[in-house]
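Student: Sequence:
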Amino acid sequence: MDYSSYPRHDVLCIDMRSFYASVEAMKLNEDPMKVMLAVVGDPNRSGSIILAASPALKQRYGVSNVSRYFELPDDPNIIVVPAHMADYLNVSVEITKLLHDYAPPEAIHQYSVDEVWITVNGLQKLFGSRQEIAYKIQRDILDRFGITSSIGIGDNKFLAKVIMDLHAKKTGIAECKYEDVPEKLWPTPVQNIWGIGHRMMKNLHRMGIVTLGQIANYKLELLQKRFGVMGEQLYWHAWGIDLSPVFGDFTKQEQKGFGHGISLLRDYTREEVSYCILDLCEEVCRRARTAGTAGRTIQLSISYSKETAGGFSRSRSIDIPTNVTMDMYGVCMQLFQEFYDGKSMIRHVYVTLTKLFDQTDVQLDLFEDRAKKNDIGYVMDAIRDKYGSTAILRASSYTDAGITLERSKKIGGHYA
Numbered sequence: 004m005d006y007s008s009y010p011r012h013d014v015l016c017i018d019m020r021s022f023y024a025s026v027e028a029m030k031l032n033e034d035p036m037k038v039m040l041a042v043v044g045d046p047n048r049s050g051s052i053i054l055a056a057s058p059a060l061k062q063r064y065g066v067s068n069v070s071r072y073f074e075l076p077d078d079p080n081i082i083v084v085p086a087h088m089a090d091y092l093n094v095s096v097e098i099t100k101l102l103h104d105y106a107p108p109e110a111i112h113q114y115s116v117d118e119v120w121i122t123v124n125g126l127q128k129l130f131g132s133r134q135e136i137a138y139k140i141q142r143d144i145l146d147r148f149g150i151t152s153s154i155g156i157g158d159n160k161f162l163a164k165v166i167m168d169l170h171a172k173k174t175g176i177a178e179c180k181y182e183d184v185p186e187k188l189w190p191t192p193v194q195n196i197w198g199i200g201h202r203m204m205k206n207l208h209r210m211g212i213v214t215l216g217q218i219a220n221y222k223l224e225l226l227q228k229r230f231g232v233m234g235e236q237l238y239w240h241a242w243g244i245d246l247s248p249v250f251g252d253f254t255k256q257e258q259k260g261f262g263h264g265i266s267l268l269r270d271y272t273r274e275e276v277s278y279c280i281l282d283l284c285e286e287v288c289r290r291a292r293t294a295g296t297a298g299r300t301i302q303l304s305i306s307y308s309k310e311t312a313g314g315f316s317r318s319r320s321i322d323i324p325t326n327v328t329m330d331m332y333g334v335c336m337q338l339f340q341e342f343y344d345g346k347s348m349i350r351h352v353y354v355t356l357t358k359l360f361d362q363t364d365v366q367l368d369l370f371e372d373r374a375k376k377n378d379i380g381y382v383m384d385a386i387r388d389k390y391g392s393t394a395i396l397r398a399s400s401y402t403d404a405g406i407t408l409e410r411s412k413k414i415g416g417h418y419a
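Using the working numbering, the first residue of the sequence shown is number 4, and each one after it goes up by one.
One thing to keep in mind: the hints can contain errors.
As the list claims (entries may be wrong) - Label pairs and their in silico Cβ distance ranges: (1) Glu235 to Pro192: 41 to 51 Å; (2) Asp5 to Gly125: 21 to 31 Å; (3) Glu341 to Ile379: 50 to 60 Å; (4) Gly65 to His351: 46 to 56 Å; (5) Phe342 to Asp270: 44 to 54 Å; (6) Gly125 to Thr300: 42 to 52 Å.
Said to hold, decoys possible - Derived DSSO-like pairs (lysine-lysine); straight-line CA-CA distance at most 30 Å: (7) Lys139 to Lys100; (8) Lys61 to Lys259; (9) Lys172 to Lys128.
Simulated from the structure, these hints should not be mistaken for lab results. C-beta atoms are modelled at their ideal positions from N, C-alpha and C, and glycine is treated no differently.
Based on the sequences and whatever the hints tell you, model everything.
Tutor: Here it is, written out as structure tokens:
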């Protein structure tokens, strides 16, 4: 592969090791790398997920971020703490502010609460080589926050991210240039490569492809025929090529739709789930109104409890785009009545509003006072913005089946 025509940047991918657990350890004046600590979504539920485990706990007992609370070993040295999402977000913001000491905002791309890309092109005279910059940032994060980080260095975002996942998490800092791809990346099993999920892995395995190197040496035309544009991306990533932008306002992205869902704490009956659906529609339409958009396609996804398993996901398009809660709720209930099996208990609910249009482009209906219905929604939004998300609620939200009151105490599904 001739890389001379492809751009080379100085990109760092920074990951905070066991971020939630490290923040909690520092709050307790414990060493994040030595203490055995688990962050649990809800310690009052034995089946609650362990959101983060400290490195020492992972190493000694093999606890992972998908383990359940009841699976923790009976060891008095293990510290269990509930999640505090607001604290993690605050620390994440402060770490990003630290990165502003090294590069302008347009060179920083926040990927998640504990992971970020930073492009350090042209900063050699100020801070040294990209390796030296990585060491300085790593040391600053440790000194200021007590958090250990792993940093991948690459010629683009993909290389920085993958080398961080595969090598930097073991060595602290690792680098991968274009020319290093065959040696450092090709022997890697496809399931360990960022961007390749379980379903894609199975498809690749059926084709006899088990390593990244085999993708790179597979015919591009055949990958395109099998996977379309995804096949093309797989091929170029296998050669370490990624043309995604490294500068820009990464906070602004075109909104394709709005969705909101919940994993219920107990099984819901047919009657109860209607309250849950209404609360979810309320939140989705609020977000659409805030963005000044309305949608034509409404989707309802339902998953049944473990006893029966299964479920359904169906959508329906309407003639006039809407962001009115009761309009969306009416369509969702039509879908529910049509596709619900009539007897299964329900454990997961998700609603989505897509095919968005600008609110100003939505035509009026001569036979319905849509303006009045819209005004009601905007008034409720204004009250909540001023006095809090629970300042005004529908009566159904106060029932045992309502979800808004409980979710108002959480961030990202976990207690703040």
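Student: Against each hint, give a clear statement of whether it holds in the structure.
Tutor: How the hints compare with the structure:
1. Glu235 to Pro192: 41 to 51 Å: violated, 21 Å
2. Asp5 to Gly125: 21 to 31 Å: With Cβ atoms ~25 Å apart, the hint holds.
3. Glu341 to Ile379: 50 to 60 Å: violated, 28 Å
4. Gly65 to His351: 46 to 56 Å: Since the Cβ atoms of Gly65 and His351 sit about 28 Å apart, the hinted range of 46 to 56 Å is violated.
5. Phe342 to Asp270: 44 to 54 Å: violated, 18 Å
6. Gly125 to Thr300: 42 to 52 Å: Holds - the Cβ-Cβ distance for Gly125 and Thr300, about 45 Å, lies within 42 to 52 Å.
7. Lys139 to Lys100: Holds, at roughly 15 Å.
8. Lys61 to Lys259: violated, 38 Å
9. Lys172 to Lys128: holds, 28 Å
Consistency note: the structure conflicts with the earlier hints numbered 1, 3, 4, 5 and 8.
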